[in-house]
Amino acid sequence: MQRIINNPNDVVDEMINGFVKAHKDIIEKTENNRVLKYKKAPIKNKVGIVTGGGSGHKPAFIGYIGENMVDAVAIGEIFSSPTVKAFYDAFKTADSGKGVACLYGNYAGDNMNVKMAIKMAEKDGIAVKTVIANDDVASAPKEERNKRRGVAGEVLMWKIAGAKAALGGNLDEVISVAQKAIDNTKSVGIGLTPCTIPALGKPNFVIEEGKMELGIGHHGEPGIKVTDLKTADEMAEIMLDIILPDLPFVSNNEVVVLISGLGATPVMELYILYAKIAEILANKNIKIYKPYVGNYFTSLDMMGVTVTLMKVDNELKELIDLSANSMGFKQY
Amino acid sequence: MQYFLNDEGVVIIYDLIKIIQDNALYLSEIDGAIGDGDHGINMNKGFTLCEKRLIAEQINLSTALNILSEILLNEIGGAMGPLYGMFFLGMSNACNNKKQIDSIVFKDMLEAAVSELSEIDLSKAKIGDKTMMDTLIPAVEAYKTAINHGKSFIEALEKMKIAAEKGKESTKELIAKVGRASRLGERSKGFLDVGAVSSCLILRSMADSIIRLLTNSLIDINLSREIEK
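Protein sequence lines, in the order shown, are assigned to chains A and B. Mapping of the first sequence onto numbering that gives the first Met the number 0: position 240 corresponds to residue 239, and the numbering continues sequentially without gaps. Mapping of the second sequence onto numbering that gives the first Met the number 0: position 228 corresponds to residue 227, and the numbering continues sequentially without gaps.
Quick caveat, the hints were computed from the structure, so don't treat them as lab data. Among the hints, erroneous ones may be present.
Said to hold, decoys possible - These stretches of chain A come out as covered by chain B in the derived footprint (C-beta under 8 Å, 3 or more residues):
no. : region
1   : 76 to 82
2   : 110 to 116
3   : 167 to 175
4   : 187 to 200
5   : 210 to 220
Just so we're clear, the structure is a prediction, and the values are computed from it rather than from any experiment. From the three backbone atoms N, C-alpha and C, an ideal C-beta is built for every residue, glycine too.
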């Protein structure tokens with residue numbers, strides 16, 4: 000394991016320490032060392048936006064704290080849900096009295112901890128509503144959509160909901176547009192190498208040299224199938240073949256495209272993939288309203304990529320266009 | 000009636016900590032097969048934190064269970080944090096005001112532990128869904144049946160161990176219906192469920208520790224009888 004760390008058991012705390020020092024203009028610590036907040040949060044008369052999840056996905060989740068984005072984040076260990084208390088403290092931190100939208104990914108631990116934290120918040124009179132992202136098409140069949148995981152599409156959900164809250168939307172409006180965003184968002188991933196949790200010291204799954212795993216999860220959860228490693232152009236076709244029919248995305252649709260590396264793939268290669276994605280979509284008369292290419296939601300040191308498409312209408316376009324300032328997502 | 004003292008029961012928790020520490024890597028490897036590989040690390044972190052807290056004071060079993068529960072709930076998180084946090088909280092509550100822990104009190108502890116789990120999502124899990132319930136439900140049932148049939152505390156614990164082991168092994172051929180691996184459908188077949196494995200380790204360790212406590216106290220009683228003679 001070749002890593003820039005001190006003690007593998009301290010990586011999360013040490014990362015938080017550096018992150019807060021580097022982004023003083025946006026980020027502030029809270030009393031809970033596993034909750035970070037936007038320095039202006041809670042913002043008067045604004046619905047609070049909270050998310051949370053395991054660590055190892057930088058910029059997710061704390062990288063999306065900021066102006067017109069997320070107000071507070073509950074931070075877990077590597078690949079492990081934050082505690083009940085972290086979610087509860089994040090709710091308290093973000094709430095201005097207008098309620099809190101907790102927008103997170105569909106994972107067993109997060110579901111349990113959020114649910115228990117909401118019960119605690121209810122006792123304090125804090126209204127919390129949730130949207131659970133399930134954009135990963137490969138993680139379960141369409142009929143069992145409620146079992147699908149949340150992946151990079153969560154970034155677009157936070158952007159949309161953060162904008163709605165900033166524009167004065169009430170809790171129900173923020174929740175409803177976040178749900179609309181994720182319902183129109185579909186993702187799929189390809190993994191080329193496994194990733195290593197520092198405390199484990201070695202990968203806990205294998206992708207052999209010359210192979211790739213289609214539909215892999217953000218923590219290395221098994222995908223749909225393992226095939227020979229394909230070219231970037233072939234990967235683009237395979238991934239869109241999975242995503243497009245699922246919504247479905249059809250001719251004349253407008254979409255936001257988000258291509259995220261999984262941590263160890265050179266950004267250069269993401270653009271090689273994007274070129275083909277853009278070409279295929281153009282051939283199908285699907286218009287790209289806005290593309291985002293970079294490392295938005297990673298999996299430690301995994302090589303690979305996720306492709307995410309969100310179908311947008313005028314409402315979603317207006318919200319995606321609103322300026323935002325966070326470490327992981329800046330828009331002017 | 001066989002029993003051990005709440006005041007001497009903290010050794011059960013120390014044994015539990017050791018078992019989890021010894022199996023941390025094994026649990027993460029099992030989790031890595033169809034999950035995300037964090038189970039062993041987090042269990043180890045939580046139980047090791049508990050070990051440090053326990054050293055500070057002389058405490059009984061119910062307090063130690065409560066400390067373990069609070070650490071899992073408030074400092075560990077993940078999926079196992081709330082699940083085992085509530086599990087041990089249930090156990091702690093059920094023996095909180097008991098001086099002596101006999102087979103009936105321990106039955107109440109097991110029942111409370113499992114019913115606390117039903118407070119959380121996993122309540123939906125039944126036998127056959129490939130979760131920790133595949134270990135816990137039959138193990139607790141086997142214990143209760145043995146007690147109801149007039150078996151001794153130790154005999155009932157032995158039955159519980161066998162049923163836990165059998166329940167754990169059964170998850171290998173199951174298709175996951177609830178929990179993280181359920182998204183994998185057929186692909187989850189052939190692998191043990193990590194929650195079933197860790198809950199089996201926990202029940203077996205507790206049973207062994209209690210049997211040791213009971214046997215020691217039997218020896219004590221016999222010894223004192225010898226002396227009286």
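Report the numbers of all earlier hints that the structure fails to satisfy, in ascending order.
3
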